[in-house]
Amino acid sequence: MKKLKLTIEGMHCASCASNIERSVKKIRGVKEVSVSLMLKKGTVEAEDSVSEDEIKKAVSKVGYKVSKIE
Amino acid sequence: MNHKHHKEKIEDAEITSWKKKLFGSWILTIPIAIIMLSERIFNFPLIEMPYSIITILVIGFPVIFIFGWDTIKGGMRGLFTFYFNMDSLISLGTVVAYLTGIFYFTGFVQDYSGVAAMIMAFFTTGKYVEAKARGRASQEIKKLLELGAKKARILRANKEIEIPIEEVKIGDILIIKPGEKIPTDGIVVKGESSVDESMVTGESLPVEKLKGSNVIGATINQDGILYIKATKVGKDTFLAHIIELVENAQSSKVPIQRLADKITSVFVPIILILAITTFIGWFFFSGDLSKAIGVGVAVLVIACPCALGLATPTALMVGSGMGAKRGILIRKGEAIQTMKEVKIIIFDKTGTITKGKPEVTDIKSLIPEKELLTLSASLEKLSEHPIAKSIVNKANIKNYKKVTGFKVLRGRGVEGKIGKDAIIIGNQTLMNERKINLSKIIDSIEKFEEEGKTTMVVAKNNKILGVMAVADSIKEDSKEAIRRLNKNKYRTVMITGDNERTAKAIAKQVGIKEVIANVLPEDKAKMVEKLQKNCMVAFIGDGINDAPALKQSNVGIAIGTGTDIAIEAGDIVLARGSLIGVVQAINLSKATFRKIKQNLFWAFAYNVIAIPLAVGGVLHPVVAEIAMALSSITVVTNANLLRRKKL
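Line by line, the protein sequences give chains U and L.
Just so it is clear: in the first sequence, position 4 is 4 by our numbering, and no numbers are missing.
Plus 70 on top of the position in the second sequence (first one is 1) and you've got our numbering.
Derived from the structure by calculation, the hints contain no laboratory data.
Worth double-checking, as some hints may not be accurate.
Claimed, not checked - Each computed BS3-like pair below joins lysine-lysine, with the alpha-carbon atoms no more than 27 angstroms apart:
id, chain 1, residue 1, chain 2, residue 2
1, U, Lys68, U, Lys56
2, U, Lys65, L, Lys212
3, U, Lys3, L, Lys251
4, U, Lys68, L, Lys323
5, L, Lys212, L, Lys251
6, L, Lys603, U, Lys26
7, U, Lys56, L, Lys212
8, L, Lys434, L, Lys487
9, L, Lys332, U, Lys31
10, L, Lys143, U, Lys68
11, U, Lys26, U, Lys3
12, L, Lys143, U, Lys56
13, L, Lys251, L, Lys89
14, U, Lys41, L, Lys487
15, U, Lys68, U, Lys31
Using the sequences and the hints, build the whole thing.
See the structure below:
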C-alpha cells in the first residue's frame with residue numbers, strides 16, 4: 001500500500017472533485033481517493049502496483065491536470 | 071517549499087484568468103444587452119431586425135467561444151465522456167441558446183443568442199467572485215504556508231553567511247539576530263532571548279529561551295542574539311507537521327457532508343434529464359418551441375451543485391484556519407460533528423491540568439534525609455517516570471549506589487537491590503501489597519495528600535524509611551478553563567493514577583467535581599469506555615501516555631508539550647499546553663459545525679426552490695443564471711463569516 005498526494009489543476013466546481021474521485025477509483029488497486037477542491041489537492045491510497053502514470057491519465061481523462069505527485 | 075509557491079500560483083492564476091474572462095465577456099455583453107433592451111423593452115430598436123440578431127451573433131460569438139472556451143470545452147468533454155460537471159450544464163445551456171439565433175433565420179424559433187452571452191458573462195462573474203471568496207476562506211492556511219523562513223544565517227569557518235533554508239542540515243549552527251525569524255527547529259547553544267511563538271502555538275506571551283531551550287522554526291526572535299543548533303529540517307519540523315495536519319483535515323470528510331456529496335455526484339446527470347424532460351413537456355403541452363427552449367435553458371443554468379459541494383469544505387477551511395492561528399489543529403473533520411454531542415469531558419491530571427513537572431517539596435524521613443535521598447535517587451535514576459526524575463533532581467548527587475534487579479512496577483513504584491538490601495519506593499497500594507507497616511509516617515502521608523501532593527514511600531527490607539511528597543503545580547489557566555466548561559454544563563472529570571486524597575485536593579483547586587483516582591495508565595481507556603455508555607465523551611491528555619484513552623474517546627484532544635506534537639493521537643491537537651485551548655477548540659468545533667449546517671440548509675433550500683421555479687417556466691434564463699451564481703457565492707461568503715465568532 002502507498003499513499004500519494006496529488007496537486008491538481010483546473011478544478012473549479014464541486015462536481016469536478018467528485019468526477020476525479022470517480023475516475024481514479026476505477027483504477028484497479030486504488031482503495032481510497034479524496035479530492036479537495038479547496039486545496040486543489042487529492043490523496044490516493046493504492047496498492048503498490050498502481051503507477052503514477054495511471055493516476056495522471058485517470059485525472060486527465062476527465063479534463064484536469066496533475067501538476068505534482070508526491 | 072517549492073510546491074507551496076506552486077500552489078499559490080495555481081490559485082492566483084485561477085482568479086486572474088476568471089478576471090480576464092469577466093472583463094472580456096462584459097465588454098461585449100453590455101452592447102448586446104443595450105441592443106436587446108432597446109428592442110424588447112423600450113421598443114426603440116437601435117438596430118433593425120434581423121440585423122440586430124446578426125450583430126448579437128457576431129459580438130456574442132467570442133463571449134461564448136473565446137472567453138467561455140474553457141467552460142465549453144470542459145463541459146462538452148463531460149457530456150461525451152459521461153463525466154458530467156457543472157460546465158456541462160452551462161455549455162449546453164449557452165450553446166443551445168446561441169444556436170437559436172442562427173435557427174431564427176430558418177423560422178420557428180425566437181432568438182435567445184443575446185441571452186447566451188449574458189448567461190456566460192454572469193457565469194464568469196460568479197466564478198470570479200467565488201474563486202476570490204474561496205481564496206479568502208483559505209487565507210489563514212496560506213499564511214501558515216508562507217510562514218516558514220526562506221533564509222538562514224549560518225556559521226561556517228567562523229564566518230556568518232546566509233544560505234537558502236533548503237540547504238540547512240541537522241547539526242548546523244544558525245545565528246538569529248533580534249527581530250529575525252528562527253529558520254528551523256533547534257536547540258539554543260548560546261545566547262538568551264525571548265521568542266514570539268504566537269504564530270505557531272497561539273501562545274500570546276513571549277517565551278524565554280536560554281542555553282538548552284528548544285526553539286521552533288518560523289517563530290520570531292525578539293531581543294537577544296541566539297545561536298541554535300538545527301535539530302529538525304524540512305518536512306520534520308514543527309511547522310511542517312502543523313501544515314500537514316491542517317491539510318489532512320481539509321481532505322477528511324465530515325459525515326454530514328455525505329448526503330450532499332452523494333447528491334453532487336449524481337446532480338448533473340439528473341439535471342440534464344430534467345432539462346430535456348422539461349423541454350419536451352413544455353413543447354408538448356404548449357406547442358411553443360421557443361418557450362420550451364427558454365425554460366429548458368433556464369433549468370440547465372439554474373442548477374448548481376457547487377453550493378452543495380462547497381458547503382462543508384469552505385466552512386471547514388475557515389474553521390481549521392481560525393484554529394491553526396490559535397494553535398488548535400483539527401485533525402479530523404468528524405470531530406467537529408461529534409463535538410456537539412459531547413457531554414462529559416475527562417481530563418488527565420499530570421501534564422494536562424498540571425504542568426507535568428513534579429518537584430519534591432517535602433520529606434519525612436526516619437533516617438538521615440541525605441541517606442534516604444541517596445538510596446531513592448540510585449533506584450529512581452533507572453526510571454523514566456517524571457516523579458522519578460523529580461527525586462533524582464532533589465537528591466542532586468554524583469555517586470549513585472549500584473542497583474541490581476531493578477524493576478518498574480507500573481502505576482505503583484519501583485524496586486531493586488542495593489547490596490543485600492531490598493529497596494522499594496512507591497505508593498500506598500504497593501506498600502499495602504507488601505504488607506509494610508505505615509503507622510510511623512501515616513500522619514505525614516495524609517497531610518501531604520490533603521495538600522494535593524503525591525507521596526512516595528521508601529522501604530528497606532520491608533521496613534519503612536520515610537516518605538517524600540511530590541507536587542506538580544497547576545497550569546495558570548486550568549482553573550479558568552474548567553470554570554468555563556462547568557458553566558457550559560459539561561460534566562468535568564479528572565482521571566489520575568494518584569490516590570483519592572491527592573486527586574481530590576487537586577480537583578478541588580481547579581473546580582472539578584468528579585475524580586477517578588488510582589487508575590493505572592493502561593486502564594484509562596477502560597474508564598473512558600465506562601463513561602461512554604450513556605453519552606459522548608471527550609478526553610484531554612498529553613497524547614503520549616494517553617494515546618489509548620484519546621483513541622477510545624469520541625473526541626480526543628491531545629495537548630502538545632513544547633516542541634513536539636503527537637500527530638497520531640487525538641482528533642484535535644493543541645500546539646500550546648494551556649487548557650483555554652480546550653475551551654476554544656470546543657467553541658470552534660461547534661461554531662464550524664453550525665456554519666456547515668447553515669450552508670447545507672441554504673444549498674438544499676436554494677435547489678429545492680429554484681429548480682421547480684425554473685421547470686415551471688417562471689424564471690427567465692438570465693435571472694436563473696444570476697440566482698445560480700449567487701447561490702454558491704452565498705455559501706462561501708457565509709463560511710467566511712465564521713471569522714466573526716469570538717472563541
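*asked:* So, against the hints stated earlier in the document, which numbers end up violated here?
replied: Violated: hints 3, 6, 13 and 14.
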